[in-house]
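Engineer: Kindly produce the complete structure, drawing on both the sequences and the hints.
There are 2 protein chains.
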Amino acid sequence: MTATSTQIQLVNRPVGWPTADDFRTVTVEYGDLAPGQVRVVNEFVSVDPYMRGRMIDTRSYIPPFALDATMTGGAVGRVVETTVDELPVGTLVSHQYGWRDVVQEDADGFRALPEPPANAASSVYLGVLGMTGLTAYVGLLTIARMQPGDTVFISGAAGAVGTAAGQIAQLKGAKRVIGSAGTPEKVALLTERYGYDAAFDYKDDRSIREQLRDAAPDGIDVYFDNVGGEHLEAALDSFNDGGRAALCGAIAQYNSTTRTPGPSNMANIITRGLTLTGFTIGHYFDQAPAFRGEMGQWFADGKVVHDETVVDGIENSVDAFLGLMRGENVGKMVVRTGS
Amino acid sequence: MTATSTQIQLVNRPVGWPTADDFRTVTVEYGDLAPGQVRVVNEFVSVDPYMRGRMIDTRSYIPPFALDATMTGGAVGRVVETTVDELPVGTLVSHQYGWRDVVQEDADGFRALPEPPANAASSVYLGVLGMTGLTAYVGLLTIARMQPGDTVFISGAAGAVGTAAGQIAQLKGAKRVIGSAGTPEKVALLTERYGYDAAFDYKDDRSIREQLRDAAPDGIDVYFDNVGGEHLEAALDSFNDGGRAALCGAIAQYNSTTRTPGPSNMANIITRGLTLTGFTIGHYFDQAPAFRGEMGQWFADGKVVHDETVVDGIENSVDAFLGLMRGENVGKMVVRTGS
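Chains A and B supply the protein sequences, listed in that same order.
Quick note: the first sequence, position 134, residue 134 per full-length UniProt numbering, numbers continuous.
Quick note: the second sequence, position 82, residue 82 per full-length UniProt numbering, numbers continuous.
No wet-lab data here; the hints were simulated from the structure.
Each statement offered as a hint is correct.
Computed beta-carbon distance windows for the label pairs:
#1 A:E210 to B:V80: 52 to 60 Å
#2 A:G173 to B:D214: 46 to 54 Å
#3 B:D319 to A:G173: 50 to 58 Å
#4 A:R78 to B:R259: 51 to 59 Å
#5 A:P148 to B:T19: 45 to 53 Å
#6 B:V84 to A:S207: 54 to 62 Å
Some chain B residues judged to face chain A by a derived CB distance under 7 Å, without partners named:
#7 L247
#8 T271
#9 T275
#10 F279
Each residue gets a CB set at the ideal place from its N, CA and C atoms; glycine is no exception.
Structural biologist: If you want it as structure tokens, here you go:
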């Protein structure tokens, strides 16, 4: 049986902020399945900040998106036709064939998932029970080596990784968890919904440095960086001796066309004995089983809140991505492909 | 019996480059020993880059020097009068009562040393067999976790720590050791005397970035930073995935009166999964026994070269320190107090 797939391709490498003209929507017709293939109809596809890095052609940990080809990324869908026993029709799967509503590929590229918990849609596997949650878990516990009693600062705290990281920090016994976000509404959510002890607006007239000092009068021990730039500089000034930073993202710079100077207080790294460690989650998949066990239990017990910002329609994926870049999401940004 | 001591005091907190006017030389008369005290005549006193940080009054890992008081720092001397059995007359001791030729204090402040190896003066305990060598050893092996087969880059490589670090890297099985220094003469010594595989002049017209790329065409795994600034930026550009930096010093900035921007390529820390760790040696004295065992053996076996730049006369200590700041030393800079 044939099928039609709507797919999003990159046609220009954006310089500065991406625009709609950098992408195009194409229709792909799939023929009958070849042996070993499955056809999957996606339920949700992910848009993530790291994808901005794949739109340019530079040395990185992951190859750039090819021009005039369909982009890739996390997605969850359901098998609708199959040639393999391991993935019968109806199986929920996660995979990297995002940016499209229907995909037909070798079964190797798909991983079967359990049905989502009763209180969640399958998109939870793109969020708090998926790569996003794993990133928060590994960044906080393995990279920054958070210990019970630590004071933890998380930037971009209302985003997908930040909302998860703040909750994990509390569940793991942090003394105090502080978050920054870019609107007063998000700031309010941090303390009211995501368990942060203190939060501030980084677009406020007062500097990030000053607001962080007020929020953490006894200093910070751990910094989970999703933003970079001025946030990292403020963290270096607030660190206690032996502090540890997990550098996860630098969204402040992703659309910059100039080289951004680093923090002017790098000397604090020496005098306070700090450690800054960058990471990308692809090197830490060995921790996925531990993460799934612990986070799955927390989620089932209602100890972790999962929020998402849903954009409907695969044809609106680029809008969803650009909205993410502008910080229009609370929690995980996903596209519901439902057709 | 009384004694006269010549001592160097700080009288102004320098802004920018220190000058002779920021210091004064005083004469102190000691009376008879009190119970528990010893009197020591110093043989060598140490001048070290970290002392610049103690001349200003800012939060740091070690309190600032008090104004109008004799400064402190590493020194080795010999007991000339004693009231305690543990430190008989003639004992060689190390201690922190530097910046003076004679000291009289409680015995607690002194640690007995074995006589130096036949091929060395007691100043070796301020250099390769002392704090300097320990700094190189800990920075390379514990902080940067150097492994056999790593390519290692060391900045300020002709200084006290750098000459030791390069030799330790080779003895521990580095694949390739690269150093930078500030004069053609020092660059030549790095490869001819200290076992570096490649070296370059960081004051050359060609950028540090470009010279490092040429010296390490396959990238670097470990960076031992004594300089900071442009060196760190170059290292971030040359790092292989998973690279590790030990940040030990930032002499490029010690006399700067403006805030120096950090590296403009901090994003590499994330995409390449790098770790930057700052340290000050005071937190790692637990490793001194292992260091003394291993380094002592290497030195006794003639596997490690120890060079020093000696300035004669305690009254010339400030000149020695200023010369150190200007990079006039090769190896360890010491003052021979001999009177």
